[in-house]
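Novice: Kindly generate the complete structure, drawing on both the sequences and the hints.
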Amino acid sequence: MNGIFPGLTFGKATRDAYGEALRDLGGTHPDIVVLDADLAKSTKSFTFGETYPERFWNVGIQEANMVGMAGGFASSGKVPFISSFAAFVILKGYDQLRMAVSYPKLNVKVCGSHGGISIGEDGASQQSVEDIALACALPDFVVCVPCDEHQMRAVVQAAYEHDGPVYIRSGRPKAPLIYDATPTDFRFGKATRLREGGDVTIIAYGLMVAAALVAHEELKREGIEARVVDMATVKPLDVDEVRAAAADTGAIVTAEEHLLHGGLGARVAQAVVGTHPVPMEFVGLDDTYAESGDPEALMRKYGLTAREVVDAVRRVVQRKSGRAAGLGAGAPR
Amino acid sequence: MKQDQRQARGAGARDIAALERRAVAVRRDILEMLTEAQSGHPGGSLSAVELVVALYFGGFLRYDADRPEWEDRDRFILSKGHGVPVQYAALAQAGFLPQSELRTLRRIDSRLQGHPVLGTAPGIEASTGSLGQGLSIGLGMALAARMDSRDVNVWVLLGDGECQEGQVWEAAMAAGHSRPDNLVAIVDYNKFQLDGAVEDIIGIEPFADKWTAFGWAVRECDGHDLEDVVRAFDWAQSQDGPACVIAHTVKGQGVTFMEHQNKYHGVAPTQDELARALAALPLHEEGGE
Chain A
1 MNGIFPGLTF GKATRDAYGE ALRDLGGTHP DIVVLDADLA KSTKSFTFGE TYPERFWNVG
61 IQEANMVGMA GGFASSGKVP FISSFAAFVI LKGYDQLRMA VSYPKLNVKV CGSHGGISIG
121 EDGASQQSVE DIALACALPD FVVCVPCDEH QMRAVVQAAY EHDGPVYIRS GRPKAPLIYD
181 ATPTDFRFGK ATRLREGGDV TIIAYGLMVA AALVAHEELK REGIEARVVD MATVKPLDVD
241 EVRAAAADTG AIVTAEEHLL HGGLGARVAQ AVVGTHPVPM EFVGLDDTYA ESGDPEALMR
301 KYGLTAREVV DAVRRVVQRK SGRAAGLGAG APR
Chain B
1 MKQDQRQARG AGARDIAALE RRAVAVRRDI LEMLTEAQSG HPGGSLSAVE LVVALYFGGF
61 LRYDADRPEW EDRDRFILSK GHGVPVQYAA LAQAGFLPQS ELRTLRRIDS RLQGHPVLGT
121 APGIEASTGS LGQGLSIGLG MALAARMDSR DVNVWVLLGD GECQEGQVWE AAMAAGHSRP
181 DNLVAIVDYN KFQLDGAVED IIGIEPFADK WTAFGWAVRE CDGHDLEDVV RAFDWAQSQD
241 GPACVIAHTV KGQGVTFMEH QNKYHGVAPT QDELARALAA LPLHEEGGE
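Chains A and B, in that order, are what the protein sequence lines are.
Counted the way the numbering used here counts, the first sequence spans residues 1 to 333.
Counted the way the numbering used here counts, the second sequence spans residues 1 to 289.
Among the clues, some could well be false.
Just some of the chain A residues that point at chain B, by a computed CB distance under 8 Å [unchecked claim]:
no., residue
1, G60
2, N65
3, A70
4, F73
5, S75
6, Y103
7, P183
These are calculated hints, taken from the structure and not from any lab test.
For every residue, glycine included, the Cβ atom is placed at its ideal position computed from N, Cα and C.
Specialist: So this is what it looks like as structure tokens:
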């Protein structure tokens, strides 16, 4: 997908980093057990399974049972990491995530791989575009989407250290490198400001962080200074960072590889509207499933590239200046 | 060696008459708490009384009411969560809960939620009430115990209608493959579900054959004959892989006007009905201790 992320260097897919991080963590933490539902080679949980077969359970193609079993393991003192495609573990396992994990607040870590539409040719049945909204709707769940291999390693570590349910979305394609090395300061609920700028803030997660960085460069050429925030943790949201974005830059664009309903954009809007109502624009899938196709072509067709981020920034900055000139609905502050 | 310990676990608790008295006391508690709450599920609570009594008071479940989270305790999961009054009654009689707390069933701020919730009442091991999930949780517990070489047995009580849920068979298949010898499924086969007779809605027969086909050892018993229940549980504990006890029961058992009456699946007794029911369930002088 080099074409939509010009100038960025690609690293591993976040799913590869997930498997490696889990294997590395397994060496020092014998309480970790890993379950998969016949997609271990795709989710990369097999990397753990090869090294620690006695702590690895491939339960076959039965996501609901896998989630329930994880609840049993967790209530017996184990720390289960379970994985499948995001579309399957979240949707087929949802009632079980609610009853056997969220409601009893059990220490289960769920990794949904192949998130978003960037998995490409397999098509809409395999593309998870609702998982973030659904995971965020589960009380007590931490919901996190790492943007590159380095951040994924920090996220797996943080997930182990967090006592409670965590949902991690990983991606299939190689991801552009956003960080130089595993961040040592990663915390759930703490966003990372990647670029400074006073005109607008772009808030993104996953692959869309790379799109935001590309957009930042393009906007700079137009004289628009865009702050870029990596909101890897969608829940709990870093509300302070969101409100700072509203207060400092007066306009926000969110970008996510997900349906617009109930995702990052909705959560950011909820965070700002009470105290800092500023113009917002939302980049994401607008009430649609995608289709089969080359990942890059899909991201272009469904509006998930830097170009859409740039367009959204232009619109939101125009509305912001309109409001400042007294043409809008009212002063933001 | 493990088998010897299991035999020891069940030994010395074969006073069937005492268990029968206990069953009467549990039935009375169920009826009283449901009448007080004016809400809940009598039919499927009453059908499971002997099964739960045998587990808690027949020496099968190893527990310490003063240490409900003791690591080596056996686990009991009520997968048919709507039947929870029978478990609350047993927990109160076993010393996990004050008897007076049964009156708070389904009231605001109570630990006795309408369906079981892990982390509320002591002795509840899983949140259930969305049917079909308990066997998966139990399998996870059984495998965790096996990994750690802990002598922990896991008992999961399922409803017959619940076995229409696909997840039950996912768990049965997975257990048939991994073959934990410390997992027992008990089916309270009372022949009714909310909307009517199981055989009229989606029949589950041939039921024993299904479990056998999934790799389980299966035995049927009369779920209200405590001698037969105890024999079946003894047998289940001695199996080398997962075992299923299909207990033939009567919905509403012990209250003549509720027996076989689907109306009482989810309707609490009135005060008048309670009085009639209790009159037919006299406490033996040694019962209900």
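Novice: So which of those numbered hints doesn't the model satisfy?
Specialist: 7
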